[in-house]
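Kindly generate the complete structure, drawing on both the sequences and the hints.
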Amino acid sequence: MNDIDQKILNYLQANGRLSIKKLSEALFITAPAVSQRIKKLEENGYIKSYNANLDLTKIGLNIKAFIQLEVGPDRKPEFYKYIKAIPNVLECDCITGPYSMLLKTVFESTQDLDDLVTELHRFGSTNTQIVFSTPVQDRGYYIE
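When you line the sequence shown up against my numbering, it's residues -16 to 127, in that order.
Hints in this document: simulated from the structure, not taken from any laboratory. Wrong hints could be hidden among the right ones.
[Stated by the list, open to error] Here are the simulated DSBU-like cross-link-like pairs (lysine-lysine), alpha carbons at most 35 Å apart as the crow flies: (1) Lys67 / Lys23; (2) Lys41 / Lys5; (3) Lys22 / Lys67; (4) Lys5 / Lys22; (5) Lys59 / Lys4; (6) Lys(-10) / Lys41; (7) Lys31 / Lys59; (8) Lys67 / Lys31; (9) Lys23 / Lys(-10); (10) Lys67 / Lys47; (11) Lys41 / Lys59; (12) Lys59 / Lys87; (13) Lys59 / Lys47; (14) Lys31 / Lys4; (15) Lys31 / Lys41; (16) Lys(-10) / Lys22; (17) Lys67 / Lys41; (18) Lys87 / Lys64; (19) Lys23 / Lys87; (20) Lys22 / Lys4; (21) Lys31 / Lys5; (22) Lys23 / Lys5; (23) Lys(-10) / Lys67; (24) Lys87 / Lys47; (25) Lys31 / Lys64; (26) Lys23 / Lys4.
Below, the structure is given as structure tokens:
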């Protein structure tokens, strides 16, 4: 990956709907060259997907919470299958420390959050933090 590829990735992270024409103008290269580079970046796994970044509060998901969960090694396969089916779980990370999982979740109500936490207790102990505000939104990573 060279400097131009990095710039393409940065532009697309900022606006995934940016046209090939606009990218070519910004990078001072031809549109076919931009298209070919994007195709290579996709094929090589640098670009995984193109998504809309939703304002979840607009669809009623006003409660964001992080749930730490201790899951024993023998229960992880069962847990992974279970947690992938829960739409309120935006992300699940296996972490170090006293808890083995960190879940980023969203809910319409604290009751819905409480219901999930209660269900999660079958896998182990939990620790939950409700988010008051998010001063730094998911912003991607600027490549230099």
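* Asked: Out of the numbered hints, which ones does the structure contradict?
  -> 5
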